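*Asks:* From first to last, the protein sequence lines stand for chains A and B.
Just so you know, the first sequence maps onto residues 1 to 112 in the numbering used here.
Just so you know, the second sequence maps onto residues 1 to 113 in the numbering used here.
Warning: the hint list may mix true and false statements.
Claimed, not checked - Simulated pairs of lysine-lysine, DSS-like, Cα-Cα distance not exceeding 27 Å:
| hint | chain 1 | residue 1 | chain 2 | residue 2 |
| --- | --- | --- | --- | --- |
| 1 | A | K67 | A | K56 |
| 2 | B | K42 | A | K67 |
| 3 | B | K78 | A | K42 |
| 4 | A | K56 | A | K2 |
| 5 | A | K2 | B | K57 |
| 6 | B | K42 | A | K42 |
| 7 | A | K42 | B | K83 |
Said to hold, decoys possible - Which chain A residues face chain B? A few, computed with CB under 8 Å, are given here:
| hint | residue |
| --- | --- |
| 8 | Y39 |
| 9 | G95 |
| 10 | Y98 |
| 11 | S104 |
For the record, the hints were derived by calculation from the structure and aren't laboratory data.
Note that the coordinates shown come from a computational prediction; the quantities given were computed from them, not determined experimentally.
Built from N, CA and C at the ideal position, the CB exists for glycine as well.
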Amino acid sequence: QKEVEQNSGPLSVPEGAIASLNCTYSDRGSQSFFWYRQYSGKSPELIMSIYSNGDKEDGRFTAQLNKASQYVSLLIRDSQPSDSATYLCAVRSEGSSYKLIFGSGTRLLVRP
Amino acid sequence: EPEVTQTPSHQVTQMGQEVILRCVPISNHLYFYWYRQILGQKVEFLVSFYNNEISEKSEIFDDQFSVERPDGSNFTLKIRSTKLEDSAMYFCASSPWSGNTIYFGEGSWLTVV
Numbered sequence: 001q002k003e004v005e006q007n008s009g010p011l012s013v014p015e016g017a018i019a020s021l022n023c024t025y026s027d028r029g030s031q032s033f034f035w036y037r038q039y040s041g042k043s044p045e046l047i048m049s050i051y052s053n054g055d056k057e058d059g060r061f062t063a064q065l066n067k068a069s070q071y072v073s074l075l076i077r078d079s080q081p082s083d084s085a086t087y088l089c090a091v092r093s094e095g096s097s098y099k100l101i102f103g104s105g106t107r108l109l110v111r112p
Numbered sequence: 001e002p003e004v005t006q007t008p009s010h011q012v013t014q015m016g017q018e019v020i021l022r023c024v025p026i027s028n029h030l031y032f033y034w035y036r037q038i039l040g041q042k043v044e045f046l047v048s049f050y051n052n053e054i055s056e057k058s059e060i061f062d063d064q065f066s067v068e069r070p071d072g073s074n075f076t077l078k079i080r081s082t083k084l085e086d087s088a089m090y091f092c093a094s095s096p097w098s099g100n101t102i103y104f105g106e107g108s109w110l111t112v113v
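All chains should be modelled from the sequences, with the hints used to inform the complete structure.
*Replies:* Pasting the structure below:
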């Protein structure tokens, strides 16, 4: 069974700080990784995708991938109260359907 | 910006009743999915659909569930005889091709009483 693991949190950071969210996955053959943000009662919203080892930056967000360690992370710089949400790590299955396998999510609280 | 649209946004149904959840994927997308999320739990894959047939289904997707793409735009999920444990948010999603991002609709809340 392919698994994606995340700490459920909550992770509480003050406004302006860096929030660091982590994710590990079990399928060593995985090639594509995604971070989604989900507000309560809403659908997952894509923040970032990453496919290669290293860092990928987009505005205040940086995704980091280490395939050898089977580890993905998301850094949010200058955290804002509006960033308070659950962050879902998702790994795409390389099977016939290319489905996403989600972690349980990390709840982030940004304190004003 | 194109988006996946779902109807209804919320449905309450009696146990044992049939429910159809509807989705209009993004135009020109080729891969279609249904996921569900029970309150407080993770987003779970139900089924994927490509080239007018199911390409993969999960253990959750038993004989009570079916999917259909009746025309060129709609993609439906039918639950034949709902159970209390079917209460969840159901998300439709689509992707333009196999290697690309999956985009989610706003979801349909299903409450079975």
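*Asks:* For each hint, tell me whether it holds in the structure or not.
*Replies:* Hint-by-hint comparison with the structure:
1. A/K67 with A/K56: holds (14 Å)
2. B/K42 with A/K67: holds (23 Å)
3. B/K78 with A/K42: holds (22 Å)
4. A/K56 with A/K2: holds (25 Å)
5. A/K2 with B/K57: holds (15 Å)
6. B/K42 with A/K42: Holds - the C-alpha atoms of A/K42 and B/K42 are around 13 Å apart, at most 27 Å.
7. A/K42 with B/K83: holds (23 Å)
8. Y39: Violated, about 11 Å.
9. G95: holds (7 Å)
10. Y98: holds (5 Å)
11. S104: holds (4 Å)
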